[in-house]
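Trainee: Given the sequences, and given the hints that come with them, work out the whole structure.
There are 6 protein chains.
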Amino acid sequence: MTAISKPPFENILITGAAGALGSVLRAALRPYAKKLTLSDRAPLGAQRENEVLHECDLANRDAVFNMMKGVDMVIHLGGAPRENTFQVILDSNIVGSYNVYEAARQFGVKRVIYASSVHAIGFYESAQTIDANVPQRPDSLYGVSKTFVENLSRYYYDKFGLESVCVRIGSCFPKPVDRRMLATWLSYDDFARLCVRALMTPSVGHMIVYGNSNNSVNFWDNTEAAYLGYRPQDSADKFAAEVYANTPLPDPKHPAVKYQGGSFAADGHFEDPKAS
Amino acid sequence: MTAISKPPFENILITGAAGALGSVLRAALRPYAKKLTLSDRAPLGAQRENEVLHECDLANRDAVFNMMKGVDMVIHLGGAPRENTFQVILDSNIVGSYNVYEAARQFGVKRVIYASSVHAIGFYESAQTIDANVPQRPDSLYGVSKTFVENLSRYYYDKFGLESVCVRIGSCFPKPVDRRMLATWLSYDDFARLCVRALMTPSVGHMIVYGNSNNSVNFWDNTEAAYLGYRPQDSADKFAAEVYANTPLPDPKHPAVKYQGGSFAADGHFEDPKAS
Amino acid sequence: MTAISKPPFENILITGAAGALGSVLRAALRPYAKKLTLSDRAPLGAQRENEVLHECDLANRDAVFNMMKGVDMVIHLGGAPRENTFQVILDSNIVGSYNVYEAARQFGVKRVIYASSVHAIGFYESAQTIDANVPQRPDSLYGVSKTFVENLSRYYYDKFGLESVCVRIGSCFPKPVDRRMLATWLSYDDFARLCVRALMTPSVGHMIVYGNSNNSVNFWDNTEAAYLGYRPQDSADKFAAEVYANTPLPDPKHPAVKYQGGSFAADGHFEDPKAS
Amino acid sequence: MTAISKPPFENILITGAAGALGSVLRAALRPYAKKLTLSDRAPLGAQRENEVLHECDLANRDAVFNMMKGVDMVIHLGGAPRENTFQVILDSNIVGSYNVYEAARQFGVKRVIYASSVHAIGFYESAQTIDANVPQRPDSLYGVSKTFVENLSRYYYDKFGLESVCVRIGSCFPKPVDRRMLATWLSYDDFARLCVRALMTPSVGHMIVYGNSNNSVNFWDNTEAAYLGYRPQDSADKFAAEVYANTPLPDPKHPAVKYQGGSFAADGHFEDPKAS
Amino acid sequence: MTAISKPPFENILITGAAGALGSVLRAALRPYAKKLTLSDRAPLGAQRENEVLHECDLANRDAVFNMMKGVDMVIHLGGAPRENTFQVILDSNIVGSYNVYEAARQFGVKRVIYASSVHAIGFYESAQTIDANVPQRPDSLYGVSKTFVENLSRYYYDKFGLESVCVRIGSCFPKPVDRRMLATWLSYDDFARLCVRALMTPSVGHMIVYGNSNNSVNFWDNTEAAYLGYRPQDSADKFAAEVYANTPLPDPKHPAVKYQGGSFAADGHFEDPKAS
Amino acid sequence: MTAISKPPFENILITGAAGALGSVLRAALRPYAKKLTLSDRAPLGAQRENEVLHECDLANRDAVFNMMKGVDMVIHLGGAPRENTFQVILDSNIVGSYNVYEAARQFGVKRVIYASSVHAIGFYESAQTIDANVPQRPDSLYGVSKTFVENLSRYYYDKFGLESVCVRIGSCFPKPVDRRMLATWLSYDDFARLCVRALMTPSVGHMIVYGNSNNSVNFWDNTEAAYLGYRPQDSADKFAAEVYANTPLPDPKHPAVKYQGGSFAADGHFEDPKAS
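Residue numbers (our numbering), protein chains in the order written: chain A, 27 to 302; chain B, 27 to 302; chain C, 27 to 302; chain D, 27 to 302; chain E, 27 to 302; chain F, 27 to 302.
Treat the hints with caution; some may be incorrect.
To be verified - Derived pair list, reagent style DSS-like, types lysine-lysine, alpha-carbon separation capped at 25 Å:
#1 E/K279 <-> F/K136
#2 D/K32 <-> D/K136
#3 F/K136 <-> A/K32
#4 E/K32 <-> A/K264
#5 C/K279 <-> B/K136
#6 B/K279 <-> D/K95
#7 A/K32 <-> F/K264
What the hints assert, rightly or not - These stretches of chain A come out as covered by chain E in the derived footprint (C-beta under 8 Å, 3 or more residues):
#8 148 to 157
#9 203 to 212
#10 231 to 244
#11 260 to 271
#12 274 to 281
No lab work stands behind these hints, which were simulated from the structure alone. All of these numbers come straight from a predicted model, not from anything done at the bench. From the three backbone atoms N, C-alpha and C, an ideal C-beta is built for every residue, glycine too.
Mentor: Set out below in structure tokens:
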């Protein structure tokens, strides 16, 4: 973690704060702000000192604007966390993220850290090594929504100077449980380290960074994000024996093996219920 | 124009067919299909032989699905044609385009030609020459919606094999009227030529091509799209004297001059009326 | 054609001189050398003034060495012209070309113009635009042998200073007869123009150039070979109407349509008769 | 030429105006400014209407500052035109150009068009095709001074916003007289066309462009400068027969043939007389 | 080493198994297959449990086909290990490798790990850093044969889906003994680690990877092969003092120093005995 | 440090030897040469065994030539160490460096290690990661002079074979004292390590390498210089807490924060006193 002696920020807003990643950051970012504003549709648990809780839907513009006052940094994790119907993706990820960015602009937020995803580029092959400048190749409607926010955030930087770091998170779970996650796994602690670096780096402009731990197997070249100084401390490698023992030899031609997006690249997409 | 002796396609759907570009294609594509299906929210005028007219809103999923039956090729021009409130952009360009692509997938359409825009990359500087692989840099919410559809179409190709040609149209008007349009102007005839090539090229996969005429001044390197065989026949050059006489010496540092997106890159964005 | 007033070379050897391309060059290169040495396994017809004829197999080392004396430039067209059994490819294209290069080295030849082929890179997709520096992707054993000679010639330049121009010929026929050839067609006259430029350019080192005419539809970016000054004068475009009328709408997913190598990329390979 | 109806600029300063290129521009730029300021160490001939003449040495800072008042555009041709002792290069090209740029900055000049040279990149091989972003490889002290001014002008743009177009001139002479000039030749008229485009382009930032005519043989890829809209109208090709007849077959390994800089790359450098 | 609990493969064939590298893998790969098939022209020593031995020449097609039945993975090390006459290279490396690949295809082998070499790219300069996508530049006929197999394996993947990992081995010896090997040295253990990763990686397609240990001095950028997860554990650095003490200061202009291929790049090539 | 058992070089000249960096190398390079020649305008202190001291100005050609006799390697640190008037930069950095290179050429020096600077590329943004091939973007007249010597050294290599390693030094001080230096800091020991590697590498040609320690935060991709084998052993990271505690939260839009050159990019430039 970046060493600090007193909170550098006034008020950090974390959206999606009730989820697993939100809980990690709720604890980890405590030293970095005088106040933590936490938002989720789900219950956020007991309010701790210096916390402000907002149970709200990001698709509700007024609610989002209401909680943005006084915020200087945003960690935007909120939204549908996996593939869903287009309507759900539209409301949660597209409209919700627009509300977050537009409110951030109007209230003078300095920077947004956005939880993008491997699924923004999930149709690249596993055997390819990609950097952050390759054209997006989403593997799902979920992935398309991630590219939408990456591009939206670029627009807000180019036009209004609102900085963003988009973190393309691989697989942020307690531990890797399949062979693909030996490449994509991001430990909770490394995720927190990466977010701290994204907050503390002096000038980020608009930046895209891949989020995984120090895994020997890797899809990504993070050279372009060297200025962040992110150095993962964990590694999927120590789980490799367990993963190999528990999972079968893969078929190299199956889309879930061949593509970086894994099962997202292999599955069809949800029919919108009202569409039938 | 590509020479043909009989209509190679069964049924070409043109969305946004009542607009200026739609009218151009309505005439130009007549020889290429046994049937032309034309769609717009605005009146489409008298129905001609072999035409089917649909006055409908693309945000209306049922209407879109209804007109897609039997279609083998789609020219997708429909949607808001310039910057607007986020709600309008959302309904017209994002939801509308999703409906078009999802219907195309379900009905086995072979290929979609999508009217993307310079505004998908409008924050590159005029003095830069860019190709189709550079990261998108939209200059407006309108531009963000164009990048959304480009990425959505990539997803439909990567996952379902539905081919697309995304044409980043510069300035498709009767003639260039300012100095920026000496670079971006696309004549109506060249636009039709480009669409015909996008229809006739044997295998396009997912392709992005810039759409301007044979102008001496140029922002774009179309080398990547050489397989389309698009050769513009018109040029903004013949209007140069008129444009120079009618327009003042520009300020090189003004955003509308410095950036490829022109005034879109310089303007702020619309406040959604209901947001106040 | 490059203008000349007297033969700049002493003795140009053309291998494969009895074939269609060899016949074209036999006539076209006459003004460029005091003597033309012509070689083929097939009969070479009547000997004309200043010609030396060698009916021989390039796999015969002694025969190749015998005819190389006094030669200063080589046009190497000889070998199997399409897919065949490995044994035939090995003898005709690999052993034969080694003999040509080794003899050229030992007798101080200045430069070799080698007839490579689209099939050295035939597994790139038609919708991709490639330059001469992309990794080779042969579509056949024939194509593999073409990459062998390209690399062999690079070795002879890097180690011994023997210059080469490798021309990746598309489809060199009287006229284009299918839709793929609207991209790959190289007229006989343009082929001759390209060979003359390869002979006359002051310093070529080791160069790879794509060989097609001025076709609107194109797979290739020849920018890297700009120093050759090759400007094709013919175009497949004038045959487009005829080709469209005579050929069906292609299936974009068929390998012969999807890949630059056409049917070579789609076909399986020959069983060596003695292998069964 | 760019069509204009009245002079768009107030006062264009041409340094080195007494030389061949200066004389070309003195005539060609007359319609583009209300006043032409002409500077040279050599006599500038009779003063024409709307001209101001300054016979001065660019190494004389006061003289340079004196003539820069009221100037809005500068064409900077002045300095030693070929290899010389280091002292001469230092005074004429390095100190002189610094004076021009510093005066331009202090007097609010909008843009400088700088006559850079092929000799800034003369150690690339003739058989290589280079664009404007390759690292500089000067072939002489003269060439080093050209890279100095290119970098100086970049600094003045990055720090002070003073725009520059650096034109890497090939061989600007009445006609090509050797085989290398079949690639590098820039006709006087094309040089004037290029300078006019560099003046008239709305926003150039800092740009490097190669300057040659529409020659079939070419070292350079000018794609990056597409925004200038420079389209040469002349070509070395029409002189090819004459050049071939008058010049011997070149040795491909001689430095003057192998490198783009020609004889500059082959020659040693001048001993500074006072240095012995 | 990748942790495993039971043999993931049925039958791994190692060609060239009697050599130094073959012996390393014979021991190291034992846990990875139920059966090891070992082939060489030289004696293979005593047969161990679960081993099948084939003393045969790879140029003998029937012998190769005979031992390929039931094999699912191939480690192809066999062939001439250094420069030789063209006839030897042809038989051992070109014909032999064709037989291996064709048999692998016909018997449904899943993947081939091929021992390519630094000599496939030996004419790049030592001071250059290259990745796996640069054009091949062989430094010897031996190196040309390595490029042949790299391209042949690409063909077998593109057309038939037979996966390959081509390992460009630097200097695989007990320890580095000259200054160049401080860059190119690959320890036996690291070679085994790399082969295990090439076997165990879920989906490799066609991949080229450089093979050296964790040496501070390095020619190669292995970023493209990040998915393999190869992390060398040894380093030439610990031998540096010994090497410096035992070897003279090199001449930077000598081809054996200047080029990555070392002495292979400096030496002439073998005369085929029967060729005189 | 590279292990050595006896001095590999005859006579290493260090210019600017009285400064902080010179003092570091004066001690560190002692084992690498039989004689150390030390030069500076400032006093060099007591002469130690095997040292030769020259108090002189590098702008004095005779003095430079006088001390170059018998030198085989040069470490060129001398010159103005920060922004100054143009006249000072001209004399100290441009004329002085020319004298060093010209003397080195005339006396057969093998290699020059040149202390270039981050200020040669200081106008790249901090959030960009750049390698050594990007176009130079100096942030000051000082930086322009660094690009001058980089290009001058390239010329001396291309034309005369005089090798150079240009080290773009970040911030070589006892410890980092601001947030930017967490990226740019180069410890004295690492600087010495890098110089030793630049001396000992067998063949460097002309190379540019970035000089910083093993800092987590980084602007630069040193992949191109992998052959040097430079592995920093120190890191700014251990000073991070102290730096964060002592420095305020930066403004991301201030030029000194936004650009790699820091305050050099933000400051205006010196008026030459005599220019007023």
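Trainee: Hint by hint, say whether it matches the structure.
Mentor: A quick look at each hint next to the structure:
1. E/K279 <-> F/K136: Cα-Cα ~11 Å, so holds.
2. D/K32 <-> D/K136: With Cα atoms ~19 Å apart, D/K32 and D/K136 stay inside 25 Å; holds.
3. F/K136 <-> A/K32: Distance ~54 Å between F/K136 and A/K32 Cα, so the pair is violated.
4. E/K32 <-> A/K264: Holds. E/K32 to A/K264 sits at ~18 Å (cutoff 25 Å).
5. C/K279 <-> B/K136: 11 Å, holds
6. B/K279 <-> D/K95: 22 Å, holds
7. A/K32 <-> F/K264: Distance of about 18 Å is within 25 Å: holds.
8. 148 to 157: Coverage by chain E holds for the segment 148 to 157 of chain A (5 residues, Cβ < 8 Å).
9. 203 to 212: Check passed, 4 qualifying residues.
10. 231 to 244: Coverage by chain E holds here, the residue count being 4 at a Cβ distance below 8 Å.
11. 260 to 271: holds (count 4)
12. 274 to 281: holds (count 4)
Violated hint: 3 only; the structure is consistent with all others.
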